[in-house]
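Enquirer: Here is what each chain is made of, one letter per residue.
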Amino acid sequence: MTDELPAAVTAMIGVPRYEQAATFDVERASTYNTCAATQNGNPIYWDDAMANEITGGPIAPPTTLSLWMRPHYWEPGAAGEQVALKVHFDLKELFGLPEAVMTDNTLILYDPVRPGDRISHHQVLKSVSGPKTTKLGSGRFWVIDIEYHNQLHELVGIESYTGFGYRRTETS
Amino acid sequence: MNDRLELGSVAVGDELPELAVDVTPTTVVLGALASRDWRPMHHDYKFATERNGVADIFLNTPNQAAWFERYITDWTGPTGRLGRMTFGMKSSVFPGDRMVFRAAVAATTTDDTGCGWVDLQVTLAVGDRVATTCATRIAIPTNDNDNPWQRRGDQWNP
Numbered sequence: 001m002t003d004e005l006p007a008a009v010t011a012m013i014g015v016p017r018y019e020q021a022a023t024f025d026v027e028r029a030s031t032y033n034t035c036a037a038t039q040n041g042n043p044i045y046w047d048d049a050m051a052n053e054i055t056g057g058p059i060a061p062p063t064t065l066s067l068w069m070r071p072h073y074w075e076p077g078a079a080g081e082q083v084a085l086k087v088h089f090d091l092k093e094l095f096g097l098p099e100a101v102m103t104d105n106t107l108i109l110y111d112p113v114r115p116g117d118r119i120s121h122h123q124v125l126k127s128v129s130g131p132k133t134t135k136l137g138s139g140r141f142w143v144i145d146i147e148y149h150n151q152l153h154e155l156v157g158i159e160s161y162t163g164f165g166y167r168r169t170e171t172s
Numbered sequence: 001m002n003d004r005l006e007l008g009s010v011a012v013g014d015e016l017p018e019l020a021v022d023v024t025p026t027t028v029v030l031g032a033l034a035s036r037d038w039r040p041m042h043h044d045y046k047f048a049t050e051r052n053g054v055a056d057i058f059l060n061t062p063n064q065a066a067w068f069e070r071y072i073t074d075w076t077g078p079t080g081r082l083g084r085m086t087f088g089m090k091s092s093v094f095p096g097d098r099m100v101f102r103a104a105v106a107a108t109t110t111d112d113t114g115c116g117w118v119d120l121q122v123t124l125a126v127g128d129r130v131a132t133t134c135a136t137r138i139a140i141p142t143n144d145n146d147n148p149w150q151r152r153g154d155q156w157n158p
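In order, the protein sequence lines correspond to chains Z and R. Counting in this note's numbering, the first sequence runs from 1 upward without gaps. Counting in this note's numbering, the second sequence runs from 1 upward without gaps.
Bound-form chain Z, shown alone (with noise of 0.2 Å):
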C-alpha cells in the first residue's frame, strides 16, 4: 500500500456528494424507542407541555441526527443492503479494504429536528491518511463530514465522521 491516493479518491475530497433527501419524515415513535433504549426521562420528549413551554414543541432527541437519513433495510426497487454513509463505504471499495469502524465521531447541533421534518444531508470527503497499522489490521483513516438541513433548507446539523478501514492482520 502506497501514500499515494488514487485520482479517484484525491477527485471525491472536499466535493459534496451523494444530496440526498430522507424518504420519510421525522416522526413521534423514533424519539420513544431513542429514550426508551437509553432510559431517558426527559420531559421535553414525554410531556407535551414541557415541550410547548421548554422547546416550542416536540423535538427529536438531538443526537439522533443521523437517524433521519439511514435509509430502510429494504425497500421495493433496492438492489441488496442499503447503507447509510455512503462515501465510507465507496473507499472501502476504492482501497480494497473489506473491514471498517468508525474511531471519531463529532455532532455539531443547530436548529433542533421536529415532527413532521422532513431531513435532507449532503457527504463530503474531508481527507484521507497514508497506510496505517493498527491492532486491527493495517488500512487508511479517513474523514466524512455530513450535513443536514430541514425542508426549510435550515442547518440542522453538522456530522463528522472518521473511519478506519482496514484488512485484519493475518495470524499463522
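Be a bit skeptical, because a hint or two may be false.
To be verified - Have a look at the derived ranges for each label pair, beta carbon to beta carbon:
id	chain 1	residue 1	chain 2	residue 2	range
1	Z	7	R	145	51 to 61 Å
2	Z	138	R	114	20 to 30 Å
3	Z	50	R	143	13 to 23 Å
4	Z	29	R	127	48 to 58 Å
5	R	145	Z	49	17 to 27 Å
6	R	25	Z	32	14 to 24 Å
7	R	1	Z	138	43 to 53 Å
8	Z	41	R	50	34 to 44 Å
9	R	1	Z	52	15 to 25 Å
10	Z	152	R	145	24 to 34 Å
Stated by the list, open to error - Sample of chain Z residues facing chain R (criterion: CB under 10 Å; computed from the structure):
id	residue
11	33
12	40
13	73
Everything labelled a hint here was simulated from the structure, so no lab data went into it. Built from N, CA and C at the ideal position, the CB exists for glycine as well.
Given chain Z, work out where chain R should sit, using these hints.
Expert: Positioned in the frame of chain Z, the structure of chain R alone reads:
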C-alpha cells in the same frame, strides 16, 4: 433528573454523579434498531465474532451518543441544550459489560450573545478500561429568564 441547572451554580472541576448500566444483548440490539443501524455487528453474534473478530455484538456509535445525551441532560435538566459532542471510540462495549458514565466540568463560559456554556469531559468506562470519551459543549440558562432552546440563527453558536 435535575429540574434546572443554571450557569452560576457550576464550577470548573465539578463532577457529575456517576451512571452505571449493565449492558445486555437487548441493550445493544434495542439501541441499534432505535438508531436505524442495521449493520450485523450490532445484532449478529456470529458476524461480529467471526467476521469482525471482536468478542461479541457491540454498542453502535449513534446509540452511545444517545446514552451520553441522556447522562448529560439528567444533570442539566431539560433546559440544557447540546451544542457539540466529540466522541473518541477507544474500544467496544459488549453484553456483560457494566458501563459507567463519569464527567467533570472543564470550563464555563458566556459567549458574545450571552449564551452560557459548560464544557464537559465525559467518559464511558468498563472497569478500568475507558471505552469512549465524549467532549461536550452544552448550553444552560444563565438566569431565571434564560432558555437556550429559544436561541436561533446568530444567537446560537455551538
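Enquirer: It remains to establish, for every hint, whether it holds in the given structure.
Expert: Results for each hint:
1. Restraint check, residue 7 (chain Z) to residue 145 (chain R): a C-beta distance of roughly 57 Å satisfies the suggested window 51 to 61 Å.
2. Roughly 50 Å separates the CB atoms of residue 138 (chain Z) and residue 114 (chain R), a value that falls outside the hinted 20 to 30 Å.
3. As the Cβ distance of residue 50 (chain Z) to residue 143 (chain R) is approximately 20 Å, the hint placing it in 13 to 23 Å holds.
4. The supplied range of 48 to 58 Å is broken by residue 29 (chain Z) and residue 127 (chain R), whose beta-carbon atoms lie about 35 Å from each other.
5. For the hinted restraint 17 to 27 Å between residue 145 (chain R) and residue 49 (chain Z), the CB-CB distance of approximately 19 Å keeps it satisfied.
6. At about 21 Å, the CB distance of residue 25 (chain R) to residue 32 (chain Z) agrees with the hint of 14 to 24 Å.
7. A hinted range of 43 to 53 Å holds for the C-beta pair residue 1 (chain R) and residue 138 (chain Z), which are about 45 Å apart.
8. For residue 41 (chain Z) and residue 50 (chain R), the hinted distance range of 34 to 44 Å is satisfied, since their beta carbons lie about 38 Å from each other.
9. Range check, residue 1 (chain R) to residue 52 (chain Z): about 18 Å between beta-carbon atoms, so the 15 to 25 Å window is met.
10. Taken as a hint, the range 24 to 34 Å holds for the pair residue 152 (chain Z) and residue 145 (chain R), whose Cβ atoms sit roughly 28 Å apart.
11. Interface hint status for residue 33 (chain Z): upheld, as the beta-carbon distance to the closest one in chain R is roughly 4 Å, under 10 Å.
12. With a cut of 10 Å, the hint placing residue 40 (chain Z) at the interface with chain R holds, because the nearest CB-to-CB distance is about 4 Å.
13. For residue 73 (chain Z), the interface hint holds, the least distance from its beta-carbon to any beta-carbon of chain R being 4 Å, beneath 10 Å.
Checked against the numbered hints above, the structure violates hints 2, 4; every other hint is satisfied.
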